[in-house]
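Assemble the whole structure, with the sequences as input and the hints as a guide.
If you're matching them up, the sequences are chains A and B in order.
Residues 0 to 397 (numbering that gives the first Met the number 0) are what the first sequence spells out, left to right.
Residues 0 to 260 (numbering that gives the first Met the number 0) are what the second sequence spells out, left to right.
By construction, these hints were calculated from the structure, which means they are not laboratory data.
A portion of the hints provided could be inaccurate.
Not the full set, but computed from the structure, chain B residues with beta-carbon under 10 Å of chain A [unchecked claim]: (1) Leu26; (2) Gly50; (3) Gly53; (4) Gln73; (5) Cys80; (6) Met92; (7) Asp112; (8) Leu127.
Some chain B residues close to chain A (C-beta under 10 Å, calculated; not the full set) [what the hints assert, rightly or not]: (9) Arg70; (10) Ile74; (11) Arg105; (12) Phe120; (13) Val147.
Glycine included, C-beta positions come from ideal geometry on N, C-alpha and C.
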Amino acid sequence: MISAATAVAYVALSTAAVALFPRSILVFLIFQGSLLYAYIAKIPGWLRATLLAAALLVLMPLIGTYNGYYLEVATQVGIFVALALGLNIVVGLAGLLDLGYVAFFAVGAYSWAIFGSPHANVLFGGGGFPLPSWWFYPFLVIGLTMAAGTGILLGLPVLRLRGDYLAIVTLGFGEVIRVLANNLDKPINVTNGPRGITPISRPPLPVEISYGVGFYFLVLLIVVVVILVNRRLEDSHIGRAWEAMREDQLAAQAMGVPLVRAKLLAFAAGASFAGVMGVVFSAKQVFINPESFTFLESIGVLAMVILGGMGSIPGAIIGATVVTVLNLQVLKGLSLWLNELKNAGVTIFGYNLAGLPTQLEPAKYERMIFGLILVFMMIFRPQGIFPARRRQRELGES
Amino acid sequence: MTTLFEAVDVVKSFGGLTALQRVSFALDGGIASIIGPNGAGKTTLFNVFTGLYGPDSGTVSFRGQPLIGLRPDQITALGVCRTFQNIRLFANMTAAENVLVGMHARIRLGLRDVLTRGGRFVETERGLWQRAASLLERVGLRGKANEVARNLPYGEQRRLELARALASEPALLLLDEPTAGMTQSEAGTLMSLLRRLVGDLSLAIVLIEHNMRVVMEVSDRVTVLDHGEKIAEGPPRDVQADARVIEAYLGRRATARRAAP
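Dropping the structure here:
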């Protein structure tokens, strides 16, 4: 009872606090913390579901009207949650270390970017492009299919590889896709090279509150579908075969798991989530170029999966949220704050911050702090924030 | 009528070492044991039977169908399943999940069933879990369904491997040293379980075994391998008395000493 009241009060108060201090990053963090608390607190399932649904469906859009940037953060979190869930299938469940995952994101992104912008006119001639913006929705499926196909294409040559070797090949594959995107502006201009493609059409949205809110709901809807698909895959003979493959490939095959099909399915399933989100990403950004699909992005998504807990759906979600919030909010906020101190000429321990050399600008620590967090996390909680838990089942034992 | 399982003149060598020299083996039912000193080629023979190795020459067939060139999972789907000498369970999965993976080849559900989770899926899945429970009970692991495999004691891990193999509904079961590390009484319990399986499920079993008491008690027939060659085959009593077998196990002098008085 007490924890239920605490959870409700925590969520309600933190929302009110965000409304009062819409500029305070710290307060928004407290709001995010309240959602986490609602998730882990010992409260009845219906209350947890109601709280989380209310927070995501009502409170978050409301907060977005006070500070649009927070809605942007939430949308980004949604995109990365889907990416992390996709990679979680490949790495966490099937145990296939994929360091080039962002390639599938790129495939999805470029598939809509090309046809949803005037760039397709350069490619095909005529003036029929961009496609009408409602084509965005069919392209969610097309992007998914393209990415899944690319996943199978990557899967085929690496079927015999495991562990480190597989990691190296997928790393190379990711780079190949990026370099292709960078250089396919000649002889035929497919990707427009490093200049990128713009303007990419944004989808028409039924919710006419504000575009940001509508887009947030679109991403939320896709994430919910992705989570549902993920859970169903995991809790089936397909998911069990993936895990068996991760545990002992040879034994899995000897027990009747067709390795080729299981591996290709894992690559395709993981890639398809990235493909869908690629389409969403390109529409959200309006502009994309190969810089968005670097090796560092692949590693970032992998860090989310590992940080959250390999093979765990809640883990992938929390991992993606923590990393995205850290990058977009906490580390940025920290460096902004330090910069303010510096500009104000505050003195700490007798040292005037205004005299700080430019090499030591706070913005430059962002990656370092991120790296340190990863290091400490892996030392003190290597299994991740929400490690995979075995499903306990009541068996009909007679 | 064709023989259930038949291997003819199987040859397998690794580099310069000939692991199997024209080994033939046939089985129609009951329990057959393969014995022999370490390095005799017993496990290699199993690996050839289950498709992990392709032989250099020779044929292997199950119910008249050639197995050479098939993948291990295809051979399992046909009805030949095995356990491993050094336990190879899916360590981080529960006992029940291990058994469920064993059923993989028998599951007739597609991606669409999994994603839509319709009545067919729910029905099938419930049936699978029930079957897993009854298999676990059969091997004496009742109440251990939700235990993670690596937390089980050694003897129970061996029995779980047996349940997992049984889950694939084999007609021929290949067990690689199933009693290794068990006490004599545990081994005895396991053997009476195997005997029951042969009766209940009309299963044919091939055992690789080092525990001679077990071999002599349970086998209908014993095959002896030494240095990749089959040196004897027959009912346990005859094999026990075979001079070449004694030589292979104890050395030439032992044979002489035994023959002398």
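Taking the hints in turn, this is what the structure says about them:
1. Here the hint on Leu26/B is broken, as its CB sits about 19 Å from the closest CB of chain A, past 10 Å.
2. The interface hint given for Gly50/B holds, since its Cβ lies 8 Å from the closest Cβ of chain A, which is under the 10 Å cut-off.
3. Against a cut-off of 10 Å between C-beta atoms, the interface hint on Gly53/B is violated, since the closest Cβ of chain A lies about 14 Å away.
4. Hint status for Gln73/B relative to chain A: holds, with the closest Cβ pair at about 8 Å, below 10 Å.
5. Hint on Cys80/B holds. Least Cβ distance to chain A is approximately 7 Å, under the 10 Å limit.
6. The interface hint given for Met92/B holds, since its Cβ lies 6 Å from the closest Cβ of chain A, which is under the 10 Å cut-off.
7. The restraint placing Asp112/B at the interface with chain A holds, with a minimum CB-CB distance near 8 Å, inside the 10 Å limit.
8. Because the beta carbon of Leu127/B sits about 8 Å from the nearest beta carbon in chain A, less than 10 Å, this interface hint is met.
9. At a threshold of 10 Å, the smallest CB-CB gap from Arg70/B to chain A is about 7 Å, leaving the interface hint in force.
10. Taking 10 Å as the C-beta contact cut-off toward chain A, the hint placing Ile74/B at the interface holds, the least distance being around 9 Å.
11. Below 10 Å, beta-carbon pairs count as interface contacts, and Arg105/B has one with chain A at about 8 Å; its hint therefore holds.
12. For Phe120/B, the interface hint holds, the least distance from its beta-carbon to any beta-carbon of chain A being 8 Å, beneath 10 Å.
13. Satisfaction of the interface hint for Val147/B is found here, the shortest Cβ-Cβ separation to chain A being roughly 6 Å, below the 10 Å cut-off.
Going through the hint list in order, the structure does not satisfy hints 1, 3.
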